[in-house]
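Now for the letters of each chain:
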Amino acid sequence: MNKKPVLQIEKLCVDFSTRKGSVRVLNHIDMSVNQDESLGVVGESGCGKSMTALAVMRLIPTPPGRISQGAVLLKGKNLLEFSETRMRDVRGNRISMIFQEPMTSLNPVFKIGMQISENIVRHQGKTKKEALEISVDMLRAVKIPGAARIIKRYPHELSGGMRQRVMIAMALSCRPDVLIADEPTTALDVTVQAQIFDLLREVQKETGTAIILITHDMGVIAENTQRVVVMYAGHKFEEGPVEEIIHNPRHPYTRGLIRCTPHLKKRPQAERRMLSEIPGIVPDLSRLDGLCPFRPRCPERQRVCDERMPLEILCGEDHLVTCWAAGEG
Amino acid sequence: MSVDMLLEVKNLCTYFRLSTTNPFGPSRTVYAVDDVSFEVRKGTTFGIVGESGCGKSTTAMSILRLIEPTAGSVNFDGQDVLGLGSAPLRKLRRRMQLIFQDPYSSLNPRATAGRIVGAPLRTHRMGTAQQQEARIAELFAKVGLRPEQQAAFPHQFSGGQRQRISIARALATDPDLIVCDEPVSALDVAIQAQILNLLMRLQRELGLTYLFISHDMGVVQHMCDEVVVLYLGKIVEQADRQSLFSHPLHPYTWSLLSAVPSIYSDEQGRNQRVKLLGDPPSPIDPPPGCRFAQRCPFASATSRCFTEMPPLRNIENHHRVACHRVSDDGVAPQDNVSN
Numbered sequence: 001m002n003k004k005p006v007l008q009i010e011k012l013c014v015d016f017s018t019r020k021g022s023v024r025v026l027n028h029i030d031m032s033v034n035q036d037e038s039l040g041v042v043g044e045s046g047c048g049k050s051m052t053a054l055a056v057m058r059l060i061p062t063p064p065g066r067i068s069q070g071a072v073l074l075k076g077k078n079l080l081e082f083s084e085t086r087m088r089d090v091r092g093n094r095i096s097m098i099f100q101e102p103m104t105s106l107n108p109v110f111k112i113g114m115q116i117s118e119n120i121v122r123h124q125g126k127t128k129k130e131a132l133e134i135s136v137d138m139l140r141a142v143k144i145p146g147a148a149r150i151i152k153r154y155p156h157e158l159s160g161g162m163r164q165r166v167m168i169a170m171a172l173s174c175r176p177d178v179l180i181a182d183e184p185t186t187a188l189d190v191t192v193q194a195q196i197f198d199l200l201r202e203v204q205k206e207t208g209t210a211i212i213l214i215t216h217d218m219g220v221i222a223e224n225t226q227r228v229v230v231m232y233a234g235h236k237f238e239e240g241p242v243e244e245i246i247h248n249p250r251h252p253y254t255r256g257l258i259r260c261t262p263h264l265k266k267r268p269q270a271e272r273r274m275l276s277e278i279p280g281i282v283p284d285l286s287r288l289d290g291l292c293p294f295r296p297r298c299p300e301r302q303r304v305c306d307e308r309m310p311l312e313i314l315c316g317e318d319h320l321v322t323c324w325a326a327g328e329g
Numbered sequence: 001m002s003v004d005m006l007l008e009v010k011n012l013c014t015y016f017r018l019s020t021t022n023p024f025g026p027s028r029t030v031y032a033v034d035d036v037s038f039e040v041r042k043g044t045t046f047g048i049v050g051e052s053g054c055g056k057s058t059t060a061m062s063i064l065r066l067i068e069p070t071a072g073s074v075n076f077d078g079q080d081v082l083g084l085g086s087a088p089l090r091k092l093r094r095r096m097q098l099i100f101q102d103p104y105s106s107l108n109p110r111a112t113a114g115r116i117v118g119a120p121l122r123t124h125r126m127g128t129a130q131q132q133e134a135r136i137a138e139l140f141a142k143v144g145l146r147p148e149q150q151a152a153f154p155h156q157f158s159g160g161q162r163q164r165i166s167i168a169r170a171l172a173t174d175p176d177l178i179v180c181d182e183p184v185s186a187l188d189v190a191i192q193a194q195i196l197n198l199l200m201r202l203q204r205e206l207g208l209t210y211l212f213i214s215h216d217m218g219v220v221q222h223m224c225d226e227v228v229v230l231y232l233g234k235i236v237e238q239a240d241r242q243s244l245f246s247h248p249l250h251p252y253t254w255s256l257l258s259a260v261p262s263i264y265s266d267e268q269g270r271n272q273r274v275k276l277l278g279d280p281p282s283p284i285d286p287p288p289g290c291r292f293a294q295r296c297p298f299a300s301a302t303s304r305c306f307t308e309m310p311p312l313r314n315i316e317n318h319h320r321v322a323c324h325r326v327s328d329d330g331v332a333p334q335d336n337v338s339n
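In order, the protein sequences belong to chains A and C. Everything in the first sequence is counted per our numbering, starting at 1 for the first residue and increasing by one. Everything in the second sequence is counted per our numbering, starting at 1 for the first residue and increasing by one.
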């Protein structure tokens, strides 16, 4: 990978002050995404996937949250040093985001066309009329039939899949460098999900937009990304090319995550079997002790795990892992 | 009905008449469940799959008579459920229980976990207070909760633990049938595995029969012995787990399966994916003919697909399908495409 990354996240830490004291929800997170590339971020709820996205957009509610360390570099410029005014020119323009539930991210009292063109007027200095025309083109680009009619509709008149297409049209209207998709299809049926991912792939081919895809679904990761970051309790556990992570996972947590999912097989076994389990539940972030947060649930826990936090090591080409047990194999 | 069948559903229909704004306009009807028939063997898991709005939950609710079906018959272990008066129905409901998708909204936030689990025992006046207490303790152990957690309130539990409380409550009256309506959809994958294993273990221990509703094909493949696929209120295909997933006959089942992203699919798999266009149409006054015809890649204007409703036919070994394009010896239209 010689390409220059579009977005680099370096040693990012986010703290929240709570009644129990300061809680670190992101702990020295490193990741980067290149042009034309899709990076998958996977993990269970509360692992910090969405928090990373919010930190990049500088949308963490402050207080109680605070980015306490690190850098977010968009084409080499540190977004964390931007003024709020300058940041507004980045959001929805250079970096866009789509969310899980398109109904709650669209404003129910404004027509679709108005909501898409608002972004275009704000960032590209077009007139309302020009922006509306661009909106229709955008809706055509995301394969919405009858785009000219749709701009006069309200969000509630559209189906879930259509709404997500509108969100994508809106997010892409300024040709952003980075698109962050936070569980974009979790609320949709699988046949519609497949349509949405086809669309994202096509759009990426055309525009070269870097995509960060946040999801809990390993199947979605396998089919739609080139590289994967696995997160747990605010830590990055593993990173690597998607085939490596799925077929040769080195962190016990990644292995557990893949094994405990009932993946759809072409030829199911005759006997129904138990799934392998990761025992226990995700830890309370306010009670972490600076050691590996997966330790209490880990099947490969060693003495050293109770003494020191492992460092991130390279365990293959572009394959990084943070685990004492992974160093040996 | 043979002895080893627990539940027999015949020609079940549940329609909803929509209120119209125009009193002189035509009345509109939602065909939520339309002529659905199947049998569930004792001790097995019977899956109902389909996309949102296909009638999965309505079918289950109609069987339990939580929604009154419009027509058809439901036979539960020799008793005609739809003909029962309210007192005998209440008695029968001890034997059929329900677990919901959302463990957050299906538990009373103001009752302790112990009280929630004991509620069915009080409702059905089963045992003395002492016996009920012992039963609650036993149920807590069975689903993997600690005895002292009886005093805690729902908000003090994690999602997985709340689903364990729901399961314990469903088990309280020692039922034969448990309807599991998307029981793990709201849970993280690691917790999902724990709950699915718990359901499987309980089934083995107690000989339970599950009616398992899910939109997740991976979960259904993992859990179910037999599966029906619903599309707009109609059964389009029914088969045992192995034949359904290894050789789906209906073009809808085939495209639904191929739309599921999987870590096993390679480059080739991706290319083979069929693209279903559009969203599932509305179940309000569907057009004549096959309900899938508008989205079906194999329906042609000249065929009967658009004019005649295909009947559910038995192809081989209880593999049933409702499609004009599947031949009587089990050759599906997509067989030429995928191989």
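Any given hint could turn out to be false.
[As the list claims (entries may be wrong)] The calculated lysine-lysine pairs, modelled on DSSO-like cross-linking and capped at a C-alpha distance of 30 Å, are:
hint, chain 1, residue 1, chain 2, residue 2
1, C, K275, A, K143
2, A, K3, A, K129
3, A, K265, C, K275
4, C, K10, C, K142
5, A, K143, A, K126
6, A, K3, A, K20
7, A, K266, C, K275
8, A, K4, A, K20
9, A, K266, C, K42
10, C, K91, C, K42
11, A, K265, C, K91
12, C, K91, C, K10
13, A, K143, A, K77
14, C, K42, A, K152
15, A, K205, A, K77
16, A, K111, A, K75
17, A, K129, A, K77
18, A, K205, A, K4
19, A, K75, A, K3
20, C, K91, C, K142
21, A, K205, C, K10
No lab work stands behind these hints, which were simulated from the structure alone.
The hints, checked one at a time:
Proposed proximity of C/K275 and A/K143 is supported: the alpha carbons are some 14 Å apart, at most 30 Å. With a CA separation close to 38 Å, the supplied pair A/K3 and A/K129 exceeds the 30 Å bound. For the given pair, A/K265 sits about 19 Å from C/K275 by alpha-carbon distance, which is consistent with the 30 Å threshold. Between the alpha carbons of C/K10 and C/K142 the distance comes to roughly 35 Å, so the proposed pair goes past 30 Å and is violated.
For the hint pairing A/K143 with A/K126, the CA-to-CA distance comes to about 24 Å; that is within 30 Å, so the pair holds. Pair hint A/K3 plus A/K20 does not hold up; C-alpha atoms about 44 Å apart against a cutoff of 30 Å. This hinted pair checks out: A/K266 and C/K275 have alpha carbons roughly 18 Å apart, not beyond 30 Å. For the proposed pair A/K4 and A/K20, the alpha carbon gap of about 41 Å is over 30 Å, so the pair is violated.
Taking the CA atoms of A/K266 and C/K42, the gap is about 27 Å. The hint holds against a cut of 30 Å. The straight-line distance between the Cα atoms of C/K91 and C/K42 is roughly 20 Å, inside the 30 Å bound, and the hint therefore holds. Distance hint between A/K265 and C/K91 is unfulfilled; the C-alpha atoms sit about 41 Å from each other, more than 30 Å. A C-alpha spacing of about 22 Å is found between C/K91 and C/K10, which places the hinted pair at or below 30 Å, so the restraint holds.
Proximity of A/K143 to A/K77 is assessed by CA-CA distance (about 34 Å); at most 30 Å being required, the pair is judged violated. Restraint check for C/K42 and A/K152: not satisfied, since their Cα atoms lie roughly 54 Å apart, outside the 30 Å limit. At most 30 Å may separate the alpha-carbon atoms for a hinted pair to count; A/K205 and A/K77 meet this at roughly 25 Å. Of the pairs offered as hints, the one joining A/K111 and A/K75 is violated, with about 34 Å between alpha carbons and a cut-off of 30 Å exceeded.
Only pairs whose Cα atoms come within 30 Å are accepted, and A/K129 paired with A/K77 is rejected, the gap being roughly 33 Å. For the hint pairing A/K205 with A/K4, the CA-to-CA distance comes to about 18 Å; that is within 30 Å, so the pair holds. Restraint check for A/K75 and A/K3: the C-alpha separation of about 12 Å stays at or below 30 Å, so the hint holds. Restraint check: the Cα-Cα separation between C/K91 and C/K142 comes to about 24 Å, which is no more than 30 Å; the hinted pair holds.
Distance check on the hinted pair: A/K205 and C/K10 sit about 51 Å apart at the alpha-carbon level, beyond 30 Å; violated.
The structure fails hints 2, 4, 6, 8, 11, 13, 14, 16, 17, 21 (numbered hints given earlier, in ascending order).
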